[in-house]
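S.K.: Start from the sequences, fold in the hints, and give me the full structure.
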Amino acid sequence: MPRPPAGHTARRPAALAALTVSALVATVSPAPAAPGTTPDPMNRAFTRAAAAYGVPRDLLAAVGYGETHLDGHSGRPSQAGGYGVMHLVSNPVNHSLEKAAQLTGETPAELRQDTEANILGGAAVLRSHADALGLDGDERADINAWYPAVARYSGAQGPVAALYADTVYTFLAQGLRTTVAGERITVTSRPVAPEKGALASADVTAQSTDYPPALWVPAASANYATGRTTTVDKVVVHVTQGSYAGTISWFQNAASQVSSHYVVRSSDGQITQMVRDKDTAYHAKSANSSSLGIEHEGFVDDPSWFTDPMYRSSAALTAHLCDHYGIPKDRSHIIGHSEAPGNDHTDPGANWNWTYYMQLVDGAGGSGSGSDELSFGAYDTQKTGSAGDQVRALQRLLDDQGYEPGAVDGLFGPATKSAVQAFQTARGLPADGTVGARTWTALLSAGTTPVLAQGSSGDAVKRLQRALTAALGSTLAVDGSFGPATGTAVRDYQRARGLAVDGSVGAGTWTALQSGR
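For the sequence shown, the positions run -33 to -1, 1 to 484 when mature numbering (1 follows the signal peptide of the UniProt record, and there is no 0) is used.
Calculated from the structure, these hints are not laboratory results. Among the hints, erroneous ones may be present.
[Stated by the list, open to error] In silico EDC-like cross-links for lysine to aspartate or glutamate, where the CA-CA straight-line distance does not exceed 20 Å:
{"id": "1", "residue 1": "LYS163", "residue 2": "ASP105"}
{"id": "2", "residue 1": "LYS252", "residue 2": "ASP170"}
{"id": "3", "residue 1": "LYS245", "residue 2": "ASP177"}
{"id": "4", "residue 1": "LYS296", "residue 2": "ASP200"}
M.R.: Structure (structure tokens):
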């Protein structure tokens, strides 16, 4: 988390509103519930709050997961002054805690400390935004119509609010599963087509000139100094104590007088640059003038935020900065915020894996080896009694997408069949519990639906390549790179399904894949 430079006295409460994306979901496992307590209290709280305020239950859970990974941090505030699972905020620019108290009749103390009250408050605030937007009953029943209300819940504006809402809808598209105090919380995957309204044109599209893989969203000019007073000789690693979109919003707030050069998202490693490398961000006090700061979405005490995509993306950025500015790739020059002279912060904390991170920075981590356990040369029909690696892959896909296949053990039993049937029903497929080409195609393609074309790369391309292998019955290499072979397979699929044959993957092709055509 950032610190203002010497002489600046930024007020800490501020607006880290909340979140933001790969089958990201981590597992949070505090102590189990004490004997005699009500089973599944958080699930019951989400169900009751959703019913009380007419908010879709899975939407409510996805917002909470994006805000805090469903960890209320024992009533302690975030850096933004946000509390509880739903991150109800009380600071000079966001008063969702007070709004929740007004709407529910719960006291601020109850909303801060009691998880059930906090979730109820989050539902009430979301519903108030829906009402202000004029959503009627039919619209509220459509999860896609809630996008503008979710964006308003963030407390941010414009492109940053869209980043926040996009993340929530990514969770809905991909599904999620997490464990809190021994309680399993799930959101089942589904195709989504959010109605963005005025936010449809608010996507962040500008790219960084210092680091082209990053987006560019400038911090407020009051939050950094133009130029440098000394040579850059180190990289400082931070943790936001809040969300990706909220951090970006806070750095755009001129009152904060804090910033960092880069912000990295937990779910997928997306990077946004906010201060040019040549300028002095206010992030590490005495080290500001000689360092480049990288913020990482999450909370110091919760390792579930520190995902492999985040580590890899951040390490690639750090390696680039070291190479470009001649910074040695060692722990004397790549340091944590807590290690910068004159600082009193603890980030990135004991949960940050420095050994792994430095291996990645040095290039020793590579891209991994061995099978990803989801990719096969052909996808065989699986049904009750089947066993083996493909059943294990099927179970993993169902589990990651919020369905309940039982143990991921490679044995196709009753629980796996029930989960398959639930997935088939959600996708409009015959719910026979048998996984043939259509169900494989829908399962393997489930998730977000970015436009893909020649030159695209990443996890979405891998999903596409697996799904095409299942749909066409011919092997396509799963390498995450959209090259000529993938383009040919896309055109073959489009031609066979009566789609526009253009070799790119847009909404129509994704819809066909995700419905198992």
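S.K.: Next, verify each hint and record whether it holds.
M.R.: Hints versus structure:
no. : hint              : in the structure
1   : LYS163 <-> ASP105 : holds, 17 Å
2   : LYS252 <-> ASP170 : violated, 32 Å
3   : LYS245 <-> ASP177 : holds, 9 Å
4   : LYS296 <-> ASP200 : holds, 11 Å
Checked against the numbered hints above, the structure violates only hint 2.
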